[in-house]
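All chains should be built: construct the whole structure from the sequences, respecting the hints.
Protein chains in written order, with the working numbering: chain A, 1 to 280; chain B, 1001 to 1601.
Everything labelled a hint here was simulated from the structure, so no lab data went into it. Glycine is no exception: its CB is placed at the ideal position from the N, C-alpha and C atoms. Hints may be right or wrong, so weigh each one.
Among chain B residues calculated to face chain A with C-beta under 10 Å, some are [stated by the list, open to error]:
1) Q1240
2) A1243
3) S1244
4) M1255
5) A1256
6) D1259
7) G1271
8) W1275
9) P1418
10) S1561
11) S1570
12) E1598
13) K1601
Taking lysine to aspartate or glutamate pairs in the DMTMM-like style, the calculated list, with each CA pair at most 25 Å apart, reads [to be verified]:
14) A/K46 x B/D1408
15) A/K46 x B/E1248
16) B/K1599 x A/D59
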Amino acid sequence: MEKSIKRYFPVFLGPTFLAFLIGFIVPFLMGLYLSLCDFRTVTDAKFIGLGNFVRAFQDGGFAHAFWFTALFTVTTLILINVIAFAVALVLTREIRGTNIFRTVFFMPNLIGGIVLGYVWQLIFNGILSRYDLALKISAKYGFWGLVILICWQQIGYMMIIYIAGLQSIPGDLNEAAEIDGANGWQRLWNVTIPNMMPSITICTFLTLTNGFKLFDQNLSLTAGEPMKQTEMLALNIYNTFYGRVGYQGVGQAKAVVFFILVVSLGLIQLKMTRSKEVQQ
Amino acid sequence: MNMKRILPLFLAAALALLAGCGGKKAPEPPAEDPQPSQEQPQEAEGASALGSLASFTAGTLDGGTFTQDDIAARDVTVLNFWALTCPPCIAEMPDIAAFEKALPDNVAVVTVCLDGYGSEDSVREILEDAGFEGVTLITGDGDLLDLAGNLMYTPTTVFADSNGALVMTLSLAACGGNGGGDAQPSGGESQPAGDTQPAGDSGASGGTVYYLNFKPEQDPDWQELAKIYTQETGVEVKVQTAASGQYETQLMSEMAKTDAPTLFQVNGPVGLANWKDYCYDLSGSALAGELSSQDFALMDGSSMSGIAYVIETYGLIYNKALLEQAGYTADDIKSFADLKKVAEDITARKDELGFSAFTSAGMDGSSDWRFKTHLANLPIYYEYEADGIGDTDAIKGTYLDNYRAMWDLYINNCTCAPTLLSAKTGDDSVAEFVTEQAVFYQNGTWAYSDVADVGEENLGMLPIYFGVGDEAKQGLCTGTENYWCVNKNAKPEDIQATLDFMYWCVTSDTGLEYLCSGDHMGFVIPFKGNLESTNLLVNIANDYVAQGTTSIKWCFPTMPSEEWKNVLGSALTAYAADQTDANWETVRAAFVDNWAAEKSK
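Okay, structure coming up:
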């Protein structure tokens, strides 16, 4: 058995690895190189060293986008996880129609980000226009509009993960706690949540990186308006790369910085939540 | 005639052609031994296909006549067809002159200037500079006229024997001929040839065309035109159109591919700065020879990097019926003050009239260019005019108060509250105009098909009166920001196929029909073949010019960057939502300070 695995592993691993190589490793390495180049199209680049990174950090818009993104990510991380967890708790009770509710809550996830952005733009503008207001006239509206959109989209997904986590907690743990006299809150804090840590790790990781990487919804809902105040990191990079003559290299440099940022934040978060996980 | 005489003739002709067109080589002459056609008909077949010179009368530059009898008087007559608008022709003229002097008496060299009639002085000057002392024809009929009509390029040189039969022709892909119809610059003896590409039939050599089109409105027409061209010539033409506002993005990714666009577009000098390393030098191409004015070429130093393919005009499109309902006619609006008075009066009676003055000045990405680019052109134009310049690194914003007054007028007299403008789209504006919710709609000739629904009799277009200078003389805003560029890095055969396709588009009946007809693209094209337009807005624009108004030039291609426009657009939106001086200061900064900042990058 082991021998045949050794012999045939390339057959099973090969296609996936090839796809990973073409779809990720190669573009990534190209991107790293291009961030050090002056170029117009990606196949025709001239090496210039670290100049792009200097220009990237001098760009005030990039810094603003970072802080806006960070604020957005923290807000959505807390809101999505708390609400998704609460919904999961409710929907694991014995209520009629839980399956319908689970399906309904999960559905927004099946719609693409661009479409969601435009749909919500219509909804928000439809409501705001009653007060002679529009989504794009204030960064506040844009921020909360994005938060509502992302919560609506992602709560259902995280909910499914939490439901799976909740269902895997052995019933006898809660039963034993109940016999020991623990009330509902105590059981939640001391039994359920510690046992849910693997799910929480996954969900916080996903919401954190999703928040930082948010692009489609940002582009279609606010496009950074007004005055780039709601422009998040990914959109800022996109606009730098595509929107400005001679800034392709700077956009690429920002993308590299962005990568390092997201990876390090993700790793820190994993380390923090992993340490709280308990073995059953 | 024997070989000894004909050989230097070839060399001289080849030299002349070399000098003609930016280093392009002459095609190999087809016959090794060009004897008169009666003796060697098969070798002269290509040449005789052009016609003959057996019967004609022509007028010379000096006022004399020149007929088939003059041809009969010599063993061989060499006719060089050229044009004033063809720089390569003029460049080779000294060689022609030297050639003429070197020839024996039984051979004459005659030049035929195709556009010389009426410009005799220019013809004389060029010939004197070149030292040409022979006969030059400027008018003609009969066989000469037919022959000239069959030419595909200038310069073309034909060799006629004493019977007027054509023995041989030499030409190069230099400037377009005045041959009309479906003249294809491929096949036959007058093939275009260049140093980077093999001469040859473009269909047979397998070149293909890939056009990345900028204008979504015209996409269906381009697709059809491409299909027709493929049917006619067998050359594959692929047309892809970028979504509105996505052109640069798509171009950037397409250009990185192996099968990059062979034909793309830049929006003037600023766009060219990004793509100049990809632009094939079009000077001397057949297409360049078709330009009605060299002003429509986009130059990068001495290289002709782009050629404009459409001239457009914008202004205030208005609904005559509604304006009359409000108690006014276009004659009541001759200045900004008039426009303001009319607009504010309509707004005051909005409920009673049931419509507004202006359509919503939508600041959504599908419509904001009408204000951040087109309206912003006016303060730039007037400042350039006042300072006598055509571009600047530091705009002063002299006329920003007028810009503000105009913007105030638009946003406070439109169909919705100014705070809602950021959510309004281009479609909203069009819908408001055609459903008669508003009188005025700022847009241009390209929008004709959108607004035609209100009925031709109801459509009019006014200048965007700006309150500067002599407004009675102010015309519409006319210019171009659409320049065709050919991808230098494409395969030589693809470049050739692309040049052929472009030439066909602006010379063939089908191409012109598609480009110019109101049923199709409805363009005014800056080429000689331009047809009279059936686009009502275009005709209104022509009327304004005929009335002696001064058209406002399109200065916005000199705007520093897309970024500049975007920042200005955002500032205008913010100001519309809250019309304070502080917010206008943001607009001013976006206009003036950011201009300098972006230009310095």
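Legend entry - Violations among the numbered hints: Structure breaks hints 1, 2, 3, 6 and 14.
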